[in-house]
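J.: Top to bottom, those sequences are chains U and C. Add 16 to the 1-based position in the first sequence for our numbering, that's all there is to it. Add 13 to the 1-based position in the second sequence for our numbering, that's all there is to it.
Hints listed in this document are in silico derivations from the structure and should not be mistaken for laboratory results. It is possible that some hints are incorrect.
[To be verified] Short, incomplete list of chain C residues facing chain U, as computed with Cβ under 8 Å:
1) ALA36
2) ARG37
3) PHE82
4) ARG124
5) ILE125
6) LEU127
7) ALA135
8) LEU142
Computed from a predicted model, the values in this text were never measured in an experiment. All residues carry an ideal CB built from backbone N, CA and C; glycine is no exception.
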Amino acid sequence: MNDTELDALLATPLPERDAGEFSVLLMERIAQHEARPARILAWITSGVMLVVIAAACVFGASAIGHVELGDDSTHLLVPAALLGLTLILSYTVLQSVRE
Amino acid sequence: MDDRELVERAVQSRDVAAFNLLARQNQSKVRGLLLRLTRGNHALADDLAQETFLEAWRGIANFRGESSFSTWLYRIAYSRFLMQARKRKADEPLDDWDGTTPSSEGQAQARIDLDRAMKKLAPAESAALTLCFALGLSNTEAADTMQIPLGTLKSHVLRGREKLKVILGDQS
Chain U
17 MNDTELDALL
27 ATPLPERDAG
37 EFSVLLMERI
47 AQHEARPARI
57 LAWITSGVML
67 VVIAAACVFG
77 ASAIGHVELG
87 DDSTHLLVPA
97 ALLGLTLILS
107 YTVLQSVRE
Chain C
14 MDDRELVERA
24 VQSRDVAAFN
34 LLARQNQSKV
44 RGLLLRLTRG
54 NHALADDLAQ
64 ETFLEAWRGI
74 ANFRGESSFS
84 TWLYRIAYSR
94 FLMQARKRKA
104 DEPLDDWDGT
114 TPSSEGQAQA
124 RIDLDRAMKK
134 LAPAESAALT
144 LCFALGLSNT
154 EAADTMQIPL
164 GTLKSHVLRG
174 REKLKVILGD
184 QS
C-alpha cells in the first residue's frame, strides 16, 4: 500500500452512528444531574424537619408533664409554631422532590 | 442552526434542548473517535462518550470559542479516555475487536482492515491519525486536543502511518 492509498483510507469518514438511544440516555443523565441540587435540598429539609418534629415531641412531653394545657394560651404558641414550621418544611420537600 | 448559536443558547439560558441538538450533531464523531481509542469496545466507548457530553454540559460556560465546539469535545473525550485507561489494570485488556461496527455492514473491506490494523497501534498513534485524517483536524488542533507538543503529534502520526503500512501490507 502506498502513501496516497493509505491517506485516502485514513481520511474515510468514521461510520455514522444513530443518535436516538444515545441522545435519550444523555438527556436522562443531564436531567439527573440537574436535579441533584433539589435532591440535596430535599434531604437537608427532611433532616431539619425531623429535628423540628423531635423538638415538638420533647416540648409536648414536657408540657404534659409540667403544665396543664389550656391554662395559659401562650403555651400553645410553641407547638403551633412547630406544627406550622413542619408543614412549611413538608411543602418544601414536596416541591424539591417534584423538581 | 450552527454549533456557535446553539452553544450561546446553552450557555446563556442553560437550554437543554439546544445542548441536545449539539450532542446529536456531534455524537457520531465523538463516539467514533472513542471507539477507535477503546479498540472497538462499543459499551466502553459509548459510556465514555456519555461522560464526555455530561462533562461538556457541566462546563459549557467555560467554553470560550477559541476552537470549534467539536474540537473541544474531542479534547474532553481524549482526556476521559486517558483517565479511564489509567484506572484500568494492565491485566485487564480491552475486548477483542473484530473490526466491525453496527453500521459497517456492506462497507468496504478496506475500512474493516483499517479498523483491525488501528487496533494494533498505540492509543496515542490511533488518536493522532483519527483526529488528523478521519476527523479532519489540523496538526495544531490535534496537538491541542491531545494536549501534546506539535512535534510529538507529528511523531505519532508518522509512526502510526509506518506501522499501518506494514500491517496493511502484510494483510494484503
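J.: With a cut-off of 8 Å, does the beta carbon of PHE82/C approach a beta carbon of chain U closely enough for the hint to hold?
T.: violated (15 Å)
J.: Go through the hint on LEU127/C and say holds or violated, using the shortest Cβ distance to chain U against 8 Å.
T.: holds (5 Å)
J.: Is the hint on LEU142/C kept, meaning its closest Cβ partner in chain U is under 8 Å away?
T.: OK, holds: LEU142/C within 8 Å of chain U, min 6 Å.
J.: ALA36/C was flagged as interface toward chain U. Is the shortest Cβ-Cβ separation under 8 Å?
T.: Since chain U brings a Cβ to about 6 Å from ALA36/C, closer than 8 Å, the hint holds.
J.: Just to be careful: measuring from the Cβ of ALA135/C to every Cβ in chain U, is the smallest value less than 8 Å?
T.: Nearest chain U Cβ about 16 Å off; hint violated.
J.: Hint check: is the beta carbon of ARG124/C less than 8 Å from a beta carbon of chain U?
T.: Result: holds, 6 Å to nearest chain U Cβ.
J.: With 8 Å as the cut and Cβ atoms as the points, is ILE125/C at the interface with chain U?
T.: violated (11 Å)
J.: Hey, does the ARG37/C contact hint survive, CB to chain U under 8 Å?
T.: holds (4 Å)
In this structure, the hints that do not hold are numbers 3, 5, 7, in rising order.
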